[in-house]
Structures are given as structure tokens and as C-alpha cells.
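My request is simple: use the sequences and hints to build the entire structure.
2 protein chains.
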Amino acid sequence: MSSSPTTPLSYEQAGVNYDLIDPLKVAAQRAAAATGAHLAAHGFGEVAGSRGESAYVVDVGPFYVASIVECLGTKTLVADEMKAATGRSWYAGIAQDTIAMAVNDLITVGATPLVVQAYWAAGGSSWFADAERAQALVAGWKAACDTCGVAWGGGETPALAGIVEGGRIDLAASCTGLVNPKERLSLGERLGPGDAIVLLASSGIHANGLSLARKLAERLPQGYLTEIEPGLSYGEALLAPTVLYSPVTEALWKAGVRVHYAANITGHGWRKLLRHPKALTYRIHTVPPVPPVLKFIADQAGHDAAEAYGTLNMGAGFALFVAAADAQRTVEVARACGVPAWAAGQVEAGAKQLFVDPLGLHYGDGELNLR
Amino acid sequence: MSSSPTTPLSYEQAGVNYDLIDPLKVAAQRAAAATGAHLAAHGFGEVAGSRGESAYVVDVGPFYVASIVECLGTKTLVADEMKAATGRSWYAGIAQDTIAMAVNDLITVGATPLVVQAYWAAGGSSWFADAERAQALVAGWKAACDTCGVAWGGGETPALAGIVEGGRIDLAASCTGLVNPKERLSLGERLGPGDAIVLLASSGIHANGLSLARKLAERLPQGYLTEIEPGLSYGEALLAPTVLYSPVTEALWKAGVRVHYAANITGHGWRKLLRHPKALTYRIHTVPPVPPVLKFIADQAGHDAAEAYGTLNMGAGFALFVAAADAQRTVEVARACGVPAWAAGQVEAGAKQLFVDPLGLHYGDGELNLR
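Just so you know, the sequences run in chain order R and U. Remember, the working numbering sits 62 above the position in the first sequence when you count from 1. Remember, the working numbering sits 62 above the position in the second sequence when you count from 1.
Note that these hints are calculated values from the structure, not bench results. Errors might be hidden in some of the hints.
The list cannot tell twin chains apart, which means a pair is met if one copy fits it or any two copies do.
To be verified - Straight line, CA to CA, 35 Å or less: simulated DSBU-like cross-link-like pairs of lysine-lysine:
1. Lys145 x Lys277
2. Lys414 x Lys316
3. Lys244 x Lys316
4. Lys357 x Lys277
5. Lys87 x Lys357
Printed below as a string of C-alpha cells:
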């Protein structure tokens, strides 16, 4: 199957069919929900509001325990192609991406990430024979743990010939943390009209939308080496490591800012701003600058703004919902952590919907079904 | 490459080359160890003795938090072949195997497993189109959570075409638990001469040694349908789900038995009894019955007893080290949980080594390098 560069390319055409995955997800979510009652036998209980959120939260008395496992996805395929094209190893950044997938989800509930476990499933023992690549993965993993102040507890390095493709690696991370003190819990109980929406800058595509990005590379005569701006190749831009946002959420707590709710903007792009089940209207008045690689992808895929912002992060990797009085302080704290941030909008009473006013975009309820 | 059924088959010939993996593991373990200090900034600290053990433990004050991520391995390849041969789905048992890999490791440190997260990475969305298989995976996962009294927190169901092979799935589980009260910690501080070794029955191969088992199937004219005893095929025997041992460790605590140390007998077989770093001699006087499938594998692979017991669980899936006075009670509690158990040996002063007296086996220090 080939398609010309001017043919629009949807996410489904890029190979991800959510219709097939979603019935399983629904069945799994129902079965999982029925197991929460087991915690009572241990004297504990689940925080029911965390079902359907980005991390699962258990009330163990003095604090809450949050946990998660997250997959990197297919970004390693870009790293592998870029290694072939440039001779460089990109796995230090890939390690950061993998940890970011877990940490950035865990912190949405108000948890401090404490322990990360590594899941590195290779297509065979020979994956580990490339010492430069393996050492880059180790060094990048440690550096990301250092940035987030988490302990790397251990992990798994299975060789799975016959399951993982030869020469490839399936990367994931699990993360366990505490919501401590318990008032840090940010499952949205305090989310309401008048709250400010602060957007934190992304570094590029992060680790969502890579199936689409890889399909586009196949169409480009120069592939990943296509320059998207002088001196910056498409591949290198794609491989910018995902921003780790936990230093920001930790600094906010220390600065006295209580986060009402948070959304990690990953798959489904800005539709993730609609994540909380409350009926609320979200209105964006300030749109962050779009990283060149995301503009390039949207252009090449023939996406209009509605599809681009509904699929990719478009420059905003994380959203914090805080009291309006805390908005400016939140921006300052994030910037002090080295993360550009914008007081970008507000929460209003009204039907569940999102307006991005500068772009004339509107996403209604029903455009994000995660539960 | 073909080999006659009479040619011995080692683990390395079966495709796992630990020489290539181990340098990475060493580098990763060193880097990971350096991150433990981060916990101090949060007011916590790692339990240093858990480094190198089966789960990582953090002291958070009122109790310890333990966490882990574990891969199933390649047992799904047997399930897939057996589906083709029999038309049945084997994924309910596969789900139990996956949870067992995580839970049985987590409990070795004395933790009560509280939350399991599912990691189901398929080779493409189409994996989930086989509704019978997908529902078996969900139902088996829930049933295993019910058996262990853990909450299924959620998880990941990525479609990873290009990384995971088409039609295959990479299964793993993360698990978080608490050591509560803290005196339940069983990292071996109390392990010493005079302790009894209680072995808990396995159901078969569990989920370690499958690369070898699959290679042997290739040699058999009838493959997985070879009868290893009347009415029981090799494939069905291999797919007996791994025993979940957490009901036993929970019942032991309630019965007042303090476990000094525990070893999950997975890869490296009975050499795992040498896991603890202390210089101690372990002497086994009673050998549990060998499941027919393990006897069959050892025979077919041409393993002598030393290689068989040093590679496979040979009927003992889990070892508990308890005070001699608690040995009989431990056996009774396990049996009351439906798990056959034997007071099988004792710990003695002496060099780090393992004797299996009835079989004349001896494993010295240096035959298990996990740290």
C-alpha cells in the first residue's frame, strides 16, 4: 500500500485500531473494578475516584499509595532507524521517554514518584551485545531517575525471541509513589468553574503519535534525515526526550500551590483536557508555540487544526488545573524548573466541552472515551 | 539446525545467552543502587538488604512498600501452538502464570500484595480481535487477583506492531504491596543454622524453562500432543498454571509463623535456595515428587539430576525458611491452603552450599550469581 505525500493520513491508517482494543479494555476495566473490594481484607480501600484516572490509588491509612505500569510504545523504532542513519545511539533519550510515560501519569493523582522498575524485553540476548546502546539505556534511565528523585528499584531484562522481534526491544516502566500528605490527592474533587488551566511545554512529540510519525517518514524521500528546520532532521526532532514533569509538581507542593487536577497530554492530544468526568467547560485563550516537528507532522499528514490538536500534544505536554489565584505562581514555579508554562485558559460552568478560542476549535463530550 | 532426540540440550542451546545479558544487568544494578539515596529527600529510605532480592523495599515509616515488575516469558508461545492443535484457548491459565511471576516474587520479602497492574503488549490491534482469547485473558487475570486478594489497578494494552511479533503478545505484571507490620520483613536477617526449609509444591514447569521445553517439542514427532502419561499431552502439562503462593504466606502470618526468608524457585531451579548472601549450608533430606512433565523434560533433554535440579523447579516451586519449631505448622498451613508442602531440609553452619542428600547433589557458592 502506498500513498502520495498529499494524501491525508489518519491515526487508523497508521495502524492503530482502537475499535478492536476497546471492547477488551471495557471488559478488563469491569473485571478490575470488581477486585477493588479485596483491599478491605487487608484493612485498606481503593480510592474509587482513581478508577479511570492515570494511576490507581489505594488508601493505606497514613497516606495513599499510587501505582502504574506504562509502555513506551514504538519510539524505539525511530531510534533504531536513526542509529542506522547516523551511527549514534539514541537510547539515553529513549530511557527518559520510558520513565516519563510512567512518572508523568503517576503525578496526575498528586503522588510523589518513589520507585521505578525497568521492563526491558528484548527480541533476543543479542540485543544486549551492542554495548554502546545498552550502556546508553542504563545511563539515560539513571539520569531520568536522578531528575525525578526516584529510586530505581530493579526490573526485568528478559530475552523474548519469538515474541519480541529480533533486534527490537519492548520498553516499559512501572512506578510506585505516595500521595503524602493525603491532601495532595488531585483526583478533581476541587476542580470547578473559575479554575485556571496552566499548560506546560512539551519538547516535541514525546512518545505518542509515533505510529503516525513513522508512517510519514516512509513517504519522505529523505526519510528521517529530512530537514524540518536548518540543521535539525525529522528523526532527531522526533527523538527529543519527553519532558519529565515531576520536578514541577513537587516544586508546586513546596511552593504551597494545591493542584486541583492534572492531565498528562499523551494519546488523544488536547482531548485529554476533557478527562475528568465532571460536566465542565474548558476554554483555552492562549495557545503555546507549536514545536516544529509537530507542525511538520500535521502539515505532512494533512491534518487540520482540529485533528492535530485532537491527536498530538501540539506543544503542551501536561495540564495543571489550579485555583485562579495560583495560576501565575504555577507558571513561575514551572519556569523555575526549566519548563516553559502558560496560564492558558480557565474552567467554566457548562456542558463538558473544550474550546480552543484562538484556533476556533471545539471538542464536545463523547470525543474522549477512556472509561 | 537439527539434533536427534538423544542429543543433550543445554539451556544455552535453547537460545538464552546469559553472558550477553549479564554485563548489562551488572551495569544496571550499579546505576540503580546509586539512586536509592533519592528517597531521603522525601523523608524515606530504601531497605538496602532488598537490593538483589526479588522485590525492592522502601521504608516509608509506618510500614515498608515493596514493588516489582515481572515478565511472563515465552509460555504464550506454547499456548498459541496448543490453541492451533486443540482449538482451546489457554489464556486464562496464562494470565495466572503472569500474575504468579510478580506475586510470588513480591511475597518473598514478606509483603502482602495489594495492587497488580496488567501489561499486555500485543503485536497489533488484531490480537484483541480473537474475543474468546481476550476474554480468557481477562477472566484468568481477575480469577488470579481474587485468589491473591489483590486489587487489579489497571494497566496497559498497547498494540506494538514492529516490536512485538504479529499474532503474539508480551505479558507482564507489576505488583505493589506492603510489609505490614514491619516485623513481617523476611529479607533473611533471622535466617540461620537450625532453620527448617519447607518446600511448597509446584504444578509443573510454571513459567521458567520454557525455552528449553519448546526446543524439545520441536524434536518430538507428535510435538506438544505427545502423551507424557495416559490422557495428558506434553503441551497441556506445560500449560498447568503456576501456583499462586500468596495465600500461603498470608495464612502463615495469621497462624503466627514468622518466615525468616523465602525463595521463589524460578530460573536456576534449586540453585535459588542459595539466594541469600549469608554463608550458610542448606541440606535437603526430603525431595518432593517430580511432576511428570519435568521428569519428561529432564529425560528428553538428557539432563542428569544436577542439571535438572539446577535448571527446573522439579516439583518445588517455593521455599520457606522458618524456625525448626515452626516447620510442621508451616506444612499444615500450606496444605490447608491446598498447596502440598514438605519439611524438606535444614540450614546448617558452614560454607555457602546446597546438598540434596537423597540425590547425592551438591551446588557450591558461585553457581548462582544474581547480584
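Taking each numbered hint in turn, which are not upheld by the structure, reported in ascending numerical order?
No numbers; nothing is violated.
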